[in-house]
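K.L.:
Here is how the chains run, residue by residue.
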Amino acid sequence: MSRASYAWRIAASLLGIGLLLNGSLRMSDDVWPVGPLSQYAFSPAKDATIVITRVEGLLADGRRIDLPLRVETAGISRAEIEARIPQITADPSLLRSVASRWTSRHRDEPAMLRVWLVQDQISLVDGRVGRTRLAELATWELPS
Amino acid sequence: MRTLRSAVSWFMPVVPESRIAVLRTVLYLFVIIDIHLFVRDPIPLSRNPELYQPLMIERLFHLLPPSVPLTITLYLILVIGCLVAAANVWPRLAGGVVAAAFTWWTAIGMSYGKVDHDHLALVVALWVMPTVGVIADRWRSTERSAQAGWALKCIQISVIFTYFLSALTKIRSGGWSITSWPDSSILMWAIVRRPHGLGQFLLPYPELLHVMQWCSFTAELTAVVVLWLRGRALLAAAIFWMGFHAFTLAILYIHFAPTAICWLAFAPLERLGPWLRRVKARRWERTGWRPARHPVPVLRDQAVDRGSHRPS
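Protein chains in written order, with the working numbering: chain A, 1 to 144; chain B, 1001 to 1312.
I should point out that these hints are in silico values taken from the structure, not numbers from a laboratory. Here the structure is a predicted model, which means the values were calculated and not measured. Glycine is no exception: its CB is placed at the ideal position from the N, C-alpha and C atoms. Errors might be hidden in some of the hints.
[Unchecked claim] Distance condition first, Cα-Cα at most 20 Å in a straight line; then the derived SDA-like pairs of lysine to any residue:
| # | chain 1 | residue 1 | chain 2 | residue 2 |
| --- | --- | --- | --- | --- |
| 1 | A | Lys46 | B | His1210 |
| 2 | A | Lys46 | B | Pro1204 |
| 3 | B | Lys1114 | A | Val31 |
| 4 | B | Lys1114 | B | Phe1038 |
| 5 | B | Lys1280 | A | Pro86 |
| 6 | A | Lys46 | B | Trp1176 |
| 7 | A | Lys46 | B | Ser1173 |
| 8 | B | Lys1114 | A | Val71 |
| 9 | B | Lys1114 | A | Ala83 |
| 10 | A | Lys46 | B | Asp1183 |
| 11 | A | Lys46 | B | Ser1180 |
| 12 | A | Lys46 | B | Phe1038 |
| 13 | B | Lys1114 | A | Pro86 |
| 14 | B | Lys1114 | A | Ile52 |
| 15 | B | Lys1114 | A | Lys46 |
| 16 | B | Lys1114 | A | Ile85 |
| 17 | B | Lys1114 | A | Arg54 |
| 18 | B | Lys1114 | A | Ile17 |
| 19 | A | Lys46 | B | Leu1208 |
| 20 | B | Lys1114 | A | Glu141 |
| 21 | A | Lys46 | B | Trp1214 |
| 22 | A | Lys46 | B | Arg1193 |
| 23 | B | Lys1114 | A | Glu72 |
| 24 | A | Lys46 | B | Leu1203 |
| 25 | A | Lys46 | B | Tyr1205 |
| 26 | A | Lys46 | B | Ser1177 |
| 27 | A | Lys46 | B | Thr1179 |
| 28 | B | Lys1114 | A | Gln119 |
| 29 | B | Lys1114 | A | Arg70 |
| 30 | A | Lys46 | B | Val1211 |
[Claimed, not checked] In silico negatives: residues of chain A with every beta carbon more than 12 Å from chain B:
| # | residue |
| --- | --- |
| 31 | Asp61 |
| 32 | Asp66 |
| 33 | His106 |
| 34 | Arg107 |
| 35 | Glu109 |
| 36 | Pro110 |
| 37 | Glu136 |
| 38 | Ala138 |
| 39 | Glu141 |
With the sequences and hints as input, model every part of the structure.
P.N.:
What follows is the structure, encoded as structure tokens:
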């Protein structure tokens, strides 16, 4: 094996390790695949509020239902909706795709009139599960 | 000079090339599973262009914004490329195409707000495996090389860094404190948000959850040691980490399959080929079917026989 072939391999490994350390110590998820390994890496306090973001829909027969946020059914996952909360509250029509995916998969159900972006807010009390509160973040009326 | 040489031989140990040949088969086939089970959302996500937020890598290389034709093309390239590369055919070309396509595919999956961290080792593996080049005799190869050793070392480092760097990130996010993450309510938070697994039975015991946080944090922080383990100690470490992944799967429904599969970079995979051949030979013996035992008419043999028995 030639000297150059040793050299580039060593250089590449050192560069890779450097990028990874830099990513974890200084950068954000934006620099994937060398970003910080930040899944579950934060530290919620003993009295933190845990939020579960959901989308609910109002059907023409008055039922208010949960629209499951899975890629297979909604085209987008809960985590991706959560990451977009500011955009969605600024422009609730971004919920359109979730609503239309649901209706296209449930053609025999009554028409959907309205969708909400809601959060279950579960408060911890001294590290144990406390009360749950429902908060509405955004509403969008479907064009009829 | 001696330290330099030992550093070089640590990064590039001379190992059997058949390890890479076997690893290629396993990992390229795993990529096909991955794009169906784990990073399976790029095609549906590409229908929501308004939610796309390109990562730095996508901006840096001016990658096209995802569209349905683009993601379907990537999908087809990945399936075909992986099948070719898994057979150890055109390892540089097919492997390079798969590395680029899978990196792009996964980057698209991470460009809609949620970034996962279980693909580091697999992405690194896909980029380094082609550098070993053609392995004559593939699984049966008896060649040893430093190229193969370097590729394996890179994958091993990425696997271990997945744990070690996550511990560093926990220290960083807790305001550079060692205790803030293990003392926090993170597992409680995670279980409340994903109440599918066995974790819900642990909700009444926050103290137990804290003990588990301390154990996993200590294991992650000290994981680097594994890079210097050998033999039984290495096997014990591998079993521990497989147990860790099984545990998080049971409690939180979080699997780290792409990282777990890359643990194979530590395994003596060169034994797989000979082992399979022995198993096959034994089966032939047991069923009594052995090609060599059957009297097969061979032209030249007959001629010799006749000649030797002919009375003169």
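K.L.:
Give me the numbers of the hints this structure contradicts, sorted from smallest to largest.
P.N.:
5, 12, 15, 18 and 20
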